[in-house]
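Student: Sequence:
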Amino acid sequence: MTSRAVFLDVDGTLLDHHGRVPDSARRAIRAARANGHLVFLCTGRSPGELSPRIVDVGFDGMVAASGAIVLRGDELIGQTCLSEEQVHTVRTFFPPRGAGYIFQSIDGIHATRENYSHLRRVMSQHVSSENALAELEESIFGRISFFTEPSEVLRAGPTKAVYFDADLSIRELDQSLGEAFDVVATSVPFFGPWSGELLNPGVHKASGIQILLDQLHLRREDSIGLGDSFNDLEMLAYVGTGIAMADAPQQVKDAADETTAAPEAQGIREAFLRHGLIDD
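Every number in the numbering used here is 13 more than the matching position in the sequence shown, counting from 1.
To be clear, the hints were calculated from the coordinates, so they are not data collected in a lab.
For each label pair, taking beta carbons as the anchor points, the in silico distance ranges come out as: (1) 158 - 105: 16 to 24 Å; (2) 228 - 185: 36 to 44 Å; (3) 143 - 232: 39 to 47 Å; (4) 143 - 182: 27 to 35 Å; (5) 293 - 191: 42 to 50 Å; (6) 90 - 182: 34 to 42 Å; (7) 98 - 182: 19 to 27 Å; (8) 44 - 96: 37 to 45 Å; (9) 289 - 98: 47 to 55 Å.
None of the values given here were measured: they were computed from a predicted structure. In this text, a Cβ means the ideal position worked out from N, Cα and C, and glycines have one as well.
Work out the full structure: start from the sequences and follow the hints.
Tutor: Below, the structure is given as structure tokens:
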């Protein structure tokens, strides 16, 4: 049997829309690994934003921070950080426009107290599920470190910036910031519709996957990726088989080879069965 490498997005793919890992997904992942396949998280979150209920499912590593962090097991094999100039650009661009921002590092999230309060206000408008709120309290609000000086952020090794409540389109932001960053629409609806990610140019989930496949001496055609959002586009196009979740935007579905059901409708199990990763 050929060993396959599977890459799973978290929000909206592994987690359902109430912030839970469905039992069907947990069992499918463990069965696939028992069958000799490798299963990796492939997420916009940093490792420090992953709650035990996610990590304890059991994975062979992860591509995190949308490709800026790559772990093989617990070993860090790839990391790309933002520069001092990029951090300065974020800190000076968004506040005059009434928008908020946070920085991610391998350990979690870094925010000013003002941006922390701003983020809580925004998320309270977009979170209705108690389970989803509990997941956010554990994985995001409980992992925030406060900073006052940019030097504190730089010492933490910022890998990505997330902006929110910015009344600007992706096109407008790309025109203003496109030389310094790749601007991607949000992958987490709880941040609200006017939110997104700022990454080093050329860093995305596919670039992180390539690092892992090269390390593992696995072929690209033996890789499978599942995702539902705009930061999954490169992953779905790069892997041997790209699978979009049923409720993904049409642009994401167009980038994939096929679709599967939503997380709460056993979408991961359905895809694993279809590709022979697990037995019925």
